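K.L.:
In case you want the letters, here they are:
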Amino acid sequence: MTVIQKKADNPIAHLTAEDIESLGKELDAIRDEVIASRGESDAAYIRKVIKTQRTLEISSRAVLLFSLFPPAWLVGTAGLSVAKILENMEIGHNILHGQYDFMRDPKIHSTTWEWDHVSPAAQWKHSHNQLHHTYTNVLGKDNDLGYGIMRVDEDQKWHPMHLGQPLWNFLNACFFEYGIAAYDLELGRNLQKGRHRSPEFRARARAVGRKIRKQVLKDYVVHPLLSGPSFLSTLAATFTANLVRNVWSHSVIMCGHFPNGVETFEKKSIEGETKGEWYLRQMLGSANISGSRLMHIMTGNLSFQIEHHLFPDLPSKRYQEIAPKVRDLFDRYGLAYTTGPLPKQVASAWWKVIRLSLPNRRDARPAQDRPVDDAPAQPRVPALAGAAGA
Amino acid sequence: MLRLAETVTTPLLPQDYLDLVAPLRSGADLRGRIVAVEPETPDAATLVIRPGRGWRGHTPGQYVRLGVDVDGVRQWRAYSVTSPPDRPDGCITVTVKAIPDGRVSNHLVRRVRPGTLVHLDQAQGDFVLPAATPERLLFVTAGSGVTPVMGMLRSGAHRGADVVLVHSAPRPEDVIFGAELRDLADRGVIRLVERHTDVHGLLGVDELAELVPDHLDRQTWACGPVGLLDALGERWATRDVADRLHVERFRRSVAAVGEGGTVTFARSTVTVAADGATPILEAGEQAGVLMPSGCRMGICFGCVVPLREGSVRDLRNGDLTTAEPGDGVLIQTCVSAAAGPCDIEL
Chain A
1 MTVIQKKADN PIAHLTAEDI ESLGKELDAI RDEVIASRGE SDAAYIRKVI
51 KTQRTLEISS RAVLLFSLFP PAWLVGTAGL SVAKILENME IGHNILHGQY
101 DFMRDPKIHS TTWEWDHVSP AAQWKHSHNQ LHHTYTNVLG KDNDLGYGIM
151 RVDEDQKWHP MHLGQPLWNF LNACFFEYGI AAYDLELGRN LQKGRHRSPE
201 FRARARAVGR KIRKQVLKDY VVHPLLSGPS FLSTLAATFT ANLVRNVWSH
251 SVIMCGHFPN GVETFEKKSI EGETKGEWYL RQMLGSANIS GSRLMHIMTG
301 NLSFQIEHHL FPDLPSKRYQ EIAPKVRDLF DRYGLAYTTG PLPKQVASAW
351 WKVIRLSLPN RRDARPAQDR PVDDAPAQPR VPALAGAAGA
Chain B
1 MLRLAETVTT PLLPQDYLDL VAPLRSGADL RGRIVAVEPE TPDAATLVIR
51 PGRGWRGHTP GQYVRLGVDV DGVRQWRAYS VTSPPDRPDG CITVTVKAIP
101 DGRVSNHLVR RVRPGTLVHL DQAQGDFVLP AATPERLLFV TAGSGVTPVM
151 GMLRSGAHRG ADVVLVHSAP RPEDVIFGAE LRDLADRGVI RLVERHTDVH
201 GLLGVDELAE LVPDHLDRQT WACGPVGLLD ALGERWATRD VADRLHVERF
251 RRSVAAVGEG GTVTFARSTV TVAADGATPI LEAGEQAGVL MPSGCRMGIC
301 FGCVVPLREG SVRDLRNGDL TTAEPGDGVL IQTCVSAAAG PCDIEL
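Line by line, the protein sequences give chains A and B. All the letters of the first sequence, read from the start, carry residue numbers 1 to 390 under the UniProt record's numbering. All the letters of the second sequence, read from the start, carry residue numbers 1 to 346 under the UniProt record's numbering.
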């Protein structure tokens, strides 16, 4: 990737400011339509998923009490892995986005929900909902671009540390929930700047510590102890389930913003950004995953990352429903809808991580990503469409 | 033991799992299951509800708050309990009249099916008969205002007293519990005066004086539309016998509107524009904020939250309340509308 403003072949150069505003209005209309029909079926859906997840989790944990017996280990570990994935993806992520706040059910609400994850819900909501979803793919603003440990865009400065990023990415995948907790705490930056002694940071770190303690106690102490003679095999099972959940969610999330075709943006390009321009940035800054219904549920419908980024607070099962309309908008406005099957998208994202571990070699880049030589600094008004006619 | 269970279920609680199988068990949040829906009139129905184990019973005349999901959205409404406290099957009943455009009442009268779980609060309200029943009683009711009185009559708390019930409804067939009341009258338990607005017009205070000449000497319980209750209150007050009148209001009376403004719910990170006639409670609920609520008419103080900064107007009397940071001003969101920008601590 190269920030969209520096590309020789700027994919939005053909759009005028009016085009972008009418695009925004069409998206608003799609949103209004869903809001108008939001109700009983959405409530019934999330309750059903929650019930399924809880039943699966408790029965898997019960089976694991006899995990010394290999078939029990296999069934229990598989069940617990699926339960943890459902809990984080289709349930936790989406409830914490406020997708079900409309139900006014205090038990299923973004302000009361806590999830099976070492990062406390409150901290995750801040870094994810407020920062990542607002500044999606803006270099220097959206820390999700490489999570502060990797270089995933040519325009991010290379550092020798990036040589190891394939390894960092692998470790991050295995222990993703801890990576997210550190990320939500902005651990690196806070340590670097010596802010780790501030009372605010310490309070947040303590909250993470408490959450980690509870999670570890549950998965690695109490549940194995309850298994008696199956202590070690249950320990291995819960570790495996967490590992599976981590690798899975890491893969899905990598597919959201890292694959080929996803655009990034300059910091100054979002100054004075209009709603239409914000929508456009979300459309170009996200990528979908194609697949079956089961696949969509297991990704928490983040396989509809584009639709999710346009409307983060609509109930997730609606993304599939509006996807054809959104795709039609892409076609009519001459934009590229980035999507592909999971293996392809994961490979594309990984290739980028590997490729960008080395400094830029200009000819190694896809032609459309090469920057325009000596592109003048353009005054950009309106923000995104500035390239048009330049 | 419970602590141990919590270490396994974290971040959930053991009860989150128990709720899947035993939502009515003792110790659970109070819920009830609708076991039957019985039509009363063309637009009213009685719900028979089996309350959870935590139900502490009620005193005749009290109401219960019902939380019911309509179109996927939790809505709370207060309804008088119409069953006697000692019903053999342990169930309670409420009787709901569908009001035009009433989302909840229409749902309960026409759509809800037996088997549905509803959320409950413990019974509350002081619209009840005293321990020593007065010798002469008067009930003045209109429409669904008869429901708390039916709760009292069915409990037999009035036994031995001289009871008059003046009830107003559009037509004879619209009288909720019509057959049962007429039967009580036939057996001489009460004196029933039915007034039908289609024939007699709205029940007025002067008319009441003719129908029940000794009305001011009776301990009176009245429940009905705001206009009727206000007129009764005025008469009893001007005759200096206000202490003999007990009223139950179903709806808020609106006397003034605020100026409107943006309402910020700081902790929920939600900001909404609210007009001057919309209670802050409703504005917040529509925006998906978890608002505490109660009677929704300014009586129970169940909806009170701190107003950090800004001004609100009391819809009942037009009083203006203004707060600055640190004042710790508490407002009833169900009867307060924005009067300029306000910052609510929620």
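If you're looking for bench data, these hints aren't it; they were derived computationally from the structure. Heads up, a few of these hints could be off.
Between beta-carbon pairs, the in silico distance windows are [claimed, not checked]:
hint: 1; chain 1: A; residue 1: 33; chain 2: B; residue 2: 86; range: 50 to 56 Å
hint: 2; chain 1: A; residue 1: 210; chain 2: B; residue 2: 20; range: 41 to 47 Å
hint: 3; chain 1: A; residue 1: 55; chain 2: B; residue 2: 267; range: 30 to 36 Å
hint: 4; chain 1: B; residue 1: 7; chain 2: A; residue 2: 229; range: 19 to 25 Å
hint: 5; chain 1: A; residue 1: 78; chain 2: B; residue 2: 20; range: 19 to 25 Å
None of these values were measured; they are calculated from a predicted model. We put the CB at the ideal spot given by N, CA and C, even for glycine.
K.L.:
Determine for every hint whether it applies to the structure shown.
P.N.:
Results of checking the hints against the structure:
no.: 1; hint: 33(A) to 86(B): 50 to 56 Å; result: 52 Å, holds
no.: 2; hint: 210(A) to 20(B): 41 to 47 Å; result: 27 Å, violated
no.: 3; hint: 55(A) to 267(B): 30 to 36 Å; result: 33 Å, holds
no.: 4; hint: 7(B) to 229(A): 19 to 25 Å; result: 20 Å, holds
no.: 5; hint: 78(A) to 20(B): 19 to 25 Å; result: 21 Å, holds
The structure does not agree with numbered hint 2 stated previously, though it agrees with all others.
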